[in-house]
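Undergrad: Build out the structure end to end from the sequences listed, making use of the hints.
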Amino acid sequence: MWKHSFNLLLCICLPALVLAQQKIIGKVTDAKKRPLPGVNVYIKGSYDGATAGADGTFSFTTTTTGPQVLVASLMSFQTQEQAINITGPVQVTLMLKAAMNELKVVTISAGSIEASNDKNNTVLKPLDIVTTAGATADIVNALKTLPGTQQTNDREGLFVRGGTGYETQIFIDGLMVRNPFFTSLPDMPGRGRFSPFLFKGTTFSSGGYSAQYGQGLSSALVLESEDLPARSSYSLGASVLGVSGGLDELSKDKKGSFGIEADYTNLAPYFNIAKPKQEPTVGPEIIGTSLNFRRRTSSTGILKFYGYGNWSRMGFKKNSIEYPGYQEQTDVRNQNVYTNLTYKESLGSGWRMNAGFSYSSNIDKIKLDTIKKSPVTNVHARSDLSQLRLMLTKSLGAFSQLRLGGEYQYAAERSEFNSYKVNYVDNYSAGFAESDIYFTPRFVGRFGGRLEYSTILAKVNLAPRVSLAYKLDDYSQFSLAYGDYYQKPEPQYLRFKQDLSYMKATHYIASFQRLSSNYTFRVEAFYKKYKDLVKTVPDTLTNGTGYAKGIELFWRDRKTIKNLDYWISYSFLDTKRNYLYYPYEVQPDFAAKHTASLVMKKYFPKITTNIGVTYSYASGRPYYNPNLPESKFMSEKTIDFNTLGLSASYLTTVGKAFTVFVISVTNVFDFKQVYGYRYSTDGLRREEIVPNAPRFLFVGMFMNFGVDRRQDVINNL
Amino acid sequence: MKHFLLLLLPVFAAVVTKAQSPQYQDAMTKQVGLLDVPASYNPQSMLDISNTFERIAAAEKNQWLPYYYAAYSQVMSALMTQDKDKIDGLADKAEANINKADSLKQNDDEVACIRSLIASSRIMVDPQTRGQQYGPESGMQIQKAKQINPENPRVYLLEGQALYYTPEQFGGDKAKAKEVLQVALQKYAAFKPASSIAPHWGEPHAKDLLQQAGK
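Residue numbers (this note's numbering), protein chains in the order written: chain A, 1 to 717; chain B, 1001 to 1215.
Read the hints as simulated data drawn from the structure, not as lab findings. All figures in this text were calculated on a predicted structure; none of them were measured in a lab.
Pulled from the structure, derived: some chain A residues nowhere near chain B, Cβ distances all over 12 angstroms: (1) 91; (2) 259; (3) 330; (4) 350; (5) 442; (6) 540; (7) 596; (8) 613; (9) 619.
Derived lysine-lysine pairs resembling BS3-like cross-links, with alpha carbons at most 27 angstroms apart: (10) 606(A) to 1174(B); (11) 1178(B) to 606(A); (12) 637(A) to 531(A); (13) 1207(B) to 1174(B); (14) 459(A) to 529(A); (15) 1086(B) to 200(A); (16) 44(A) to 1100(B); (17) 1086(B) to 562(A); (18) 365(A) to 421(A); (19) 1144(B) to 255(A); (20) 44(A) to 1061(B); (21) 656(A) to 1176(B).
Glycine included, C-beta positions come from ideal geometry on N, C-alpha and C.
TA: This is the structure we're talking about:
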């Protein structure tokens, strides 16, 4: 009896004894049932657990019993908790869902190339924009190595996908910049005014861009200014062109900073040695200053001010094509002020505010003189632009976002030709609404519209914009974009005739992109329809037409060859337009059918020297020969365009200052470059339109005390 | 007297919350022991070890060491991995863990050392663009650790390592690296960890580096 009872007792107790050490086994997979190695699987609140092996299986013992929670966690996956009841050995299968981090989520990419330090998955980094040899620290020159852009180096601005330079609009922190370039002289386009180092992010859109931006038929270049510097620094520079100095002071509490910069440039000594094609009569001489102030107003708010003042003068003379034996002289004096004040703050419950104010003023005094032949023409032009912009954004769920905003611009355009004055004022207002809707983290749609009204045209326009993007895997995505874009005609036409309408372009874009940390591949096809372009013959009207279509490729490789980073871009462009004095639709004189660039950068650690090479090619452009019949309008083409830029920079330390010595040469092989021909009115004589200085040599030295900014200097070349 | 008791109350409370179970001591001793084995220093083993520390941390939310070691093994994995795409994720994880350790043990030199390593690991993703941002951050954390505890040998190991690997033109100095690493070894010789599971890593690595620097 006793024995029996004892056995019974044993039977009852046995499970309990075994329970003291139970085995938990199982397997972890992803949503597609592929095994996941490295998953941390454990009983919540205990130490008992294991790491899943290469086949996704795990096995461990636990002393816990009864109802427990099994946790499975792995980087870039959502942690999963599963209730289990431990009364004996447990076997479980767990499935983890991918976490929706930035890299996995699709982004709108059709038409745009972004360079940002804040985000990982961008085609370019801000430094790339300026580490381009031959770009001479000009943002626009650097962008000319990207797909979609033209090598139109004889005119001001960025020519994108069959559009003119005027059709690209530049924005700083959302605010439009009226005069982003230095004043141009004939055949000498002005470079960009703003240093690439002011910006932490650059988005170059060659079409299909957001409803946030307007008044650019072809392209938007969106620049986002830097926040606070990492620490205080001082800099000095000297080169064959001039001197510069600056300081950047970070406040003690590290919540504010201010900076001052000044530079003086004088090309006269350089031109005395390296005779340019046109003979300089004044300067060129530039005095520039800038001032900035930034303050974090709270953990989420920042106030930024940037002010820029610039004075320049230059004059050139050359032999007149119109009056043989005489010389033509052009003098320009320019004065430019630009200010930009922005404030960003979070308003709570998912709302953010972005407010901005900008005032700019540009004065050009131009003197045109055919010496001893005709009286001097004096042109005095002044444009003032004041603008206000407010944008509110609201997060909808994890990734979706709503943007609402409005802007107002007051523009006064004054000009005086000798004593003949033509002035006008435009009040332009716009409102926009746009939403990024994530149907799934891999599939996003952007739907928006923009409503604009300009008092000078006294017309309203409504521009719908739609983009879709679908991510095929972690690296590849496919995108589509459609949109209407309106722009006021250029001031030179509006000045004289105000009974015009908006010019219009409609974009259709399809693109595929594969982006990993070392390789980028991108292919994009587009079609753009132009309507209501300005015609000047027979009468000034907005009834011109046109189209552009093409395909573009981009390839970047940072890995295959050690310390070498290179990219290749190719653009095929088929465009025709009937505008200005054109008799019918033809390929315009600013557009080349084939454009390609190769950009290479290599670092040699042993000699701490960076070498950069940029080669660009464009097929010949049409030019207007007045001696041909109308049926052969723009039928002749210039020679192909080739250029190869080279730069080398050597890094060292002089005293306490980090120092860089730099040498850079544009058009190293002195390729002949002809952009077109200019004919005399009677058509008997013509001259080539060529660069004023076919090759440019730069030698300089930059010193920095404090933050190591030598990399900046190298990248400036 | 009553006053005195009230004063003691928080002390007791602290003792109670910091009390370590034998289970904790055992598990930590075993895991920290793994970190003393050179064979553990590969990206995968470091991740496995970090998983265990995370498990312990999840169960012992008032102990800073499990978070600290989880961060350490994750950042070591980030520094050793060949796959640049993984570095940021690991650095993020390490940062989350070290933040927790920081909130449990404020103003600690060992925590600052891990932060310096995290900043260094982020530079590796893209040295050209990130060097300017994270280089000074990494250096700043070493200085912070030195300020808190000038006797911590890991401070000199990290400092010497930075001097050794940074190109001369960017402020590196191999001769100076050697001097600093020698200081590190002296400090290691004098260093007594607070307990068997308190941070004490780095001495073999300092010796290796010094040998390399001597060549």
